[in-house]
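Chain by chain, the residues run as shown.
2 protein chains.
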Amino acid sequence: MTVKQLSMPELVDSCLELGVPGVGLWREPVQSYGVEATAKLVRDAGLTVTTLCRGGFLTAIDPAERAAALADNRLAIDEAATLGTDTLVLVSGGLPTGSKDLHGARERIADALGELGPYAEERGVKLAIEPLHPMYVADRCVVSTLAQALDLAERFPAHQVGVTVDTYHIWWDDTAPAQIARAGATGRIHTFQLADWTTPLPEGVLNGRGQIGDGSIDMREWKAYVEAAGYTGPIEVELFNDALWARDGREVLAETAARFVEHVIQ
Amino acid sequence: MTVKQLSMPELVDSCLELGVPGVGLWREPVQSYGVEATAKLVRDAGLTVTTLCRGGFLTAIDPAERAAALADNRLAIDEAATLGTDTLVLVSGGLPTGSKDLHGARERIADALGELGPYAEERGVKLAIEPLHPMYVADRCVVSTLAQALDLAERFPAHQVGVTVDTYHIWWDDTAPAQIARAGATGRIHTFQLADWTTPLPEGVLNGRGQIGDGSIDMREWKAYVEAAGYTGPIEVELFNDALWARDGREVLAETAARFVEHVIQ
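Note that the protein sequences, when read in sequence, are chains Z and S.
Okay, so the first sequence: first residue is 1 according to UniProt numbering, each after it adds one.
Okay, so the second sequence: first residue is 1 according to UniProt numbering, each after it adds one.
Chain Z on its own, in the form it takes in the complex (with noise of 0.2 angstroms):
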């Protein structure tokens, strides 16, 4: 998503090109190019799909809401196993239209995740939860603390269920780091994403994560709690910048593979 603005085979073609050996992959440009045309595709250029992003928006109350929402989460499910990747993110949704209850969007993602686990499981698939960041908490994602995550996690062993460490939600957090060794701790740390926050913020606060190192987050000392935690699995640069989607793409992926050697593994 970084890099939305190429097209699959160029995307493969610079993370070849740049030494980058795996790509966290968004569903509709997946959907797009073809699940099975992607997934032949990064396979043959012996690329890691390290996430599909994103399942989830589990959190509505109609019937038939709610079991379209499934439906779609089954087929994320067999989106991420055609491409290989163990772990599916999930976004869990914000409060429906007219809804002020948290509480009871949270517990209507439990029941989700209690058959959606199952199924990912039988297809070698882990589900993430991922917190966002408290200022989507109303029009996205009810979920927004690692604690919040994994209150919801641990009721589902972890080979179904673990959360998504991502810096640009979680960084304002002084629980966090203790929350990040809860989620080692069981194992549950099932993917690690970075972007940086700059301000201000954009109108709808959506398309404005900064490039690493142009920000507030000291990227090390969040990838030494997750490595504190036992974690040794990739680590995704995942930004959502308007800015960055106007250059291009060739270009911006060469940047940020530079600044994540500059700013978290130097």
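You may find that some hints are simply not true.
Just so you know, same-sequence chains aren't split out, so a pair can sit in one copy or run between any two.
Claimed, not checked - Here are the simulated DMTMM-like pairs of lysine to aspartate or glutamate, each with C-alpha atoms no more than 25 angstroms apart in a straight line: (1) Lys4 to Glu203; (2) Lys223 to Asp86; (3) Lys100 to Asp248; (4) Lys4 to Asp242; (5) Lys4 to Glu36; (6) Lys100 to Asp218; (7) Lys100 to Asp44; (8) Lys4 to Glu262; (9) Lys223 to Glu122; (10) Lys40 to Asp13.
It should be emphasised that the hints constitute simulated quantities derived from the structure, not laboratory data.
Here the structure is a predicted model, which is why all the values come from computation and not from measurement.
Chain S: place on chain Z using the hints.
Frame of chain Z, contents of chain S only:
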């Protein structure tokens, strides 16, 4: 601030006309009208000044900036005392330019409270740390949760330092009800403020606080939490909203009072 388009005399007149018994004031309009003149105007009208907003911005590293911030906060305490309110709301301040150290910034706030608390006590003023929504953490307030605010406040006597409970900033937080109880148990709820949460958020996310009843927050629920925690003080409505500021101020104040009756106290 909800009706900043009104002059000080218009504000006082409108409160009297609507039967609103108290008003929270902001420093800038008070300074423009004159601190002594405002105090006399409000006192003669029989209105209570519920709080003065706002001191704070105590995170500077530079010694000269830090000294200036402390001096300005002493002035704010003096102004509060002159206005006859016992509560000064504090917005802590964001990260200094170039810093990524949230913990260090929070510790500098604690240092400043140690200097300001006794000064405030001598003048009969309590400091009320306001946790701001985590979307403000970088540029405005490194204190994002009631738990963090109480961790700071509890280093000092309750009659020196407590917290501001504002629905807009904490409604997403499932641990906030327990923290309100914690604050109430030691007499640290120094004020209670309301604003509703509406989306989409505007650019910069400052001036999109929703009119009571327009958004996702159950006001009665939060009122019940502070009451269960023993709070019997005033309830303030504080709306930063470009659309409301563009309207006739008397009309907005009347609407706000009606919404308060409908969504909070009925």
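Hints, one by one, checked against the model:
Taking CA atoms no more than 25 angstroms apart as the test, Lys4 paired with Glu203 passes in both settings, with 20 angstroms inside one copy and 23 angstroms between copies. With identical chains, the CA atoms of Lys223 and Asp86 are at most 25 angstroms apart within one copy only, with a shortest distance of 21 angstroms there and 45 angstroms across copies. Taking CA atoms no more than 25 angstroms apart as the test, Lys100 paired with Asp248 passes in neither setting, with 42 angstroms inside one copy and 29 angstroms between copies. Taking the shortest alpha-carbon separations for Lys4 and Asp242, only the intra-copy value of 11 angstroms comes in at or below 25 angstroms, while the best inter-copy value is 34 angstroms.
Taking the shortest Cα distances, Lys4 and Glu36 sit within 25 angstroms of each other inside one copy (19 angstroms), while across copies they are farther apart (59 angstroms). For the identical chains of this complex, Lys100 and Asp218 are inter-copy neighbours only, at 6 angstroms across copies versus 35 angstroms inside a copy, given an alpha-carbon limit of 25 angstroms. With identical chains, the CA atoms of Lys100 and Asp44 are never at most 25 angstroms apart, being 48 angstroms at best within one copy and 41 angstroms at best between copies. Taking identical chains as interchangeable, the C-alpha atoms of Lys4 and Glu262 lie at most 25 angstroms apart only when both belong to the same chain, with a minimum of 23 angstroms there against 47 angstroms between chains.
Proximity of Lys223 and Glu122 under a CA criterion of 25 angstroms is satisfied in neither setting, with 31 angstroms inside one chain copy and 47 angstroms between copies. For the homomeric pair Lys40 and Asp13, the shortest alpha-carbon distance inside one copy (14 angstroms) is at most 25 angstroms, but the shortest distance between copies (73 angstroms) is not.
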